[in-house]
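**Q** Here's the letter readout for the chains.
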Amino acid sequence: MSGATVSAPTPTEPSPTAPTQRNGFGRALLAQEYLGVLIATLGLVLVIGAFYPRFLQFDQLMAILNQATYVGILACGMAFLLAMRELDLSVGSVYALTALACAMLADSGMNPWLAALVSIVAGGLLGLFNALLIQYFGLPSIVATLATLAMFRGLTLALSDGTQVLGPPVDDPFSQVISGDVLGVPVTGIVLVVVAVVLTVVLRATPFGYRVRSIGSNPDAALFSGIPVNRVRMQAFVLSGALGGLAGVLTIGYLGAADPNTGSGYELLAIAAAVIGGTSLAGGKATIVGAALGAVLLGVVGSGLAYFSVPINWNQFATGAVILGAVSLDSAVRRRRRRARAGSGVHL
Amino acid sequence: MLEAQGIRKAYGGVVALAGVDLTVRAGSVHALLGENGAGKSTLVKVLVGAVTPDAGVLRLGGKELTVANSADAVDQGIAVVSQELSLFPDLDVLSNLFPMREYRRGPLVDRRRMAAKARPVLDELGLDIGLDDPVEDLPLDQRQLLEIARALVADPAVLILDEPTSALHSRETERLHDVLRRLRKRDVAVVYVSHHLEDVLAVCDEVTIMRDGRVAVPSVPASTLTVDRIVQHMLGDKVAAIVEERTQQGEQVVDHGQPALRLENVTVPGALEDVDLAVPCGRVVGLAGIAGAGHRAVLDVASGVTRPTRGRVVLPDGSPLKAGLRGAISQGVAIVSGDRKRFGVMLDKPIWDNIGQVSSVAMRRDGMFIRASRIRERAGEHVRRLGIKTPSVDQEVGMLSGGNQQKVVFAKWLEAKPTVLLLDDPTRGIDVGAKAEIYNLFRELADGGAVQLVSSSDPRELAAVCDEVVVFHEGKVCARLSGRHLDAHTLLEVMNTGIPPSDGEPDRETAGRHAG
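As you go down the protein sequences, you meet chains A and B in turn.
Going by this note's numbering, the first residue of the first sequence is number 110, and it counts up by one from there.
Going by this note's numbering, the first residue of the second sequence is number 510, and it counts up by one from there.
Calculated from the structure, these hints are not laboratory results.
Note that the coordinates shown come from a computational prediction; the quantities given were computed from them, not determined experimentally.
All C-beta atoms, glycine included, are put in the ideal place defined by N, C-alpha and C.
Derived, one-sided and incomplete: chain A residues facing chain B with beta-carbon distance under 10 Å:
1) Ala-314
2) Pro-316
3) Ser-326
4) Phe-333
5) Gly-335
6) Lys-394
With these hints in hand, go ahead and build the complete structure from the sequences.
**A** Below, the structure is given as structure tokens:
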């Protein structure tokens, strides 16, 4: 390099082509990460429907949607955490504890709506507790939330004395609204849709959503770009906890009672739903709609098995097999897509 | 003797190698040169079995060679030291030297025999580390030497070095070159890929230059070439965009009223001792020193990573530096690291997403909602301005070459409109053309009134781009070189001796004697 005195730089390459905009709804839909789970869900519904047309009835489908709501809401929160390479194993316990809180508060005479709000906030605080453990003790999130999974569940059992606690009466407007429907669509299902849409906007179009994905993509680069990593992690865990609270509150409104064992194993279902939906465990990417659809797919499998009169003891096995199938299919599709992209990409 | 004949490889419709021949004699060091994108990396990947060519033959010692994968290549006597560090940081030095090839005694790993094999190789490279040291505790330069040691313990017939000196200081590079000269006597065929053309000329016997997927100059003796000629061959018809040499200027007196980035009596235990430093706006100031001398600590302090125990940092606008990275960045400090894959870019994200990361995402300057279309538009402008070679701003950054990736890092900081740029080895592993473009960018930014602090492992780079270089020795400023004192030779000398040159030649000799 030394000794080379040279002329001013001249651009030697034609200026890069103008940024391309992806246009067209069809292409946008095709490019979505959750396409696989959408097709799988619809396909499975149609297959079951081919054998048992009754399965395709609107009421039946709406019942599945209702059942999928709770795991679906938890999965939406989980997708945020997975996108930043974190994990919350305590969501099932948060769900149970907040449901209990909501029932007990309403039972003690508090306005059920207020009790619901308090429970959701409590869920957020439980999430904050998780985040603080992770941050101040330097624990990996999987370890911290494994501990709080047991703690929160234990708290639920202790506070409820191991028995069901009744919530607001069924004729209370609170229960009426939540267990009701709009044009046949259950309110719980509508809540799931609203949550998925709002969180999709949060993930795709707010600085918080970008930060979550940046941290998951490259934590060091995120830190060195000035992203407040700890704060973002705290926000994500509070979100996850609050969503657990929301799911708990919906359960009370729908069922009218809190069972201390409700929601055990939901943390794994939520992770499965998010992964089936197309959220990568490696971080950096997530799809909220996919996570919600993943929960619906799990719901379809559950009810489908009942139709095919699979013995109840084989239920879990079959669910596991479906998860495996869905995830491997998705992975195969993704690999093909990546290869296609790598082929067209140029190492410049 | 390693021979490659008619190697072709296309990715999709893009031809990376269009029928390449390469012959490397046993007992010679053969340089493989070319701009980024010329096809060097693909050729290296073919040689080590990481990429299967569409056509062509490989021969080793006359026998046809089919390499199924990288492990197979090692078994057949081809070892590679790649540009990407690929050590296992959690394991100790010895385990890293024998990955998947541990010596065994029955079912157990025979560490004693491995140590007996490894020690002489480490000594030869001048790598003074314990075999039990965990690799994660080693500095970058030692890790790179360790990569080289790992290739050498396999006793290869062919050794491929892909950009092996990017993290090495000159003394270590010299040591590596000695080792290469010794390998020559042992009849090893060495392929040496590097952007340091002077290194190449110093150590290589033959040179092959590639351009646009073809061989532009096949196997000519290195003695017939000069740096300028090589650059011409590498660039072909393209005009060499090489930075204008700094005009020799006299010592500039720093006016203390002028806005500047100031370090006032900064002390960091074990790193900096009572350092006073003023970097005026519009100047490019280099930081030099041997490892641990304190020049890098200055960057840590100025970026808010390290809080000094005494003293303070004041920004050009007169406000004291806030604590922490985020604080510093919010005040207009930019940090460009040479380790771009770790600290710079998100490889799996498109260019526009990376460019928006500081301004729109971290600093929320776009408000509550981020409009991707708006970032894309601005990213397009940066791509044009910096000459980032890409089909579109939607391209994943991982698909770009190193130089273009580093330009994306610059773009993301320029998007945040910084007033202070901290550049830590900003052109590591980048080809000449991209380097020159980045140097020109420094000038442009300086003309725009930015403060730039550059640290570099290459003293020639500091001498070429800086208005002034501050040399550190044992945590203190030992010299400030500018004007006619600023050249790579003096710089190296002062770095190593800690004795500033006074005026005239005789003093330089004195300094040399002290060092000896």
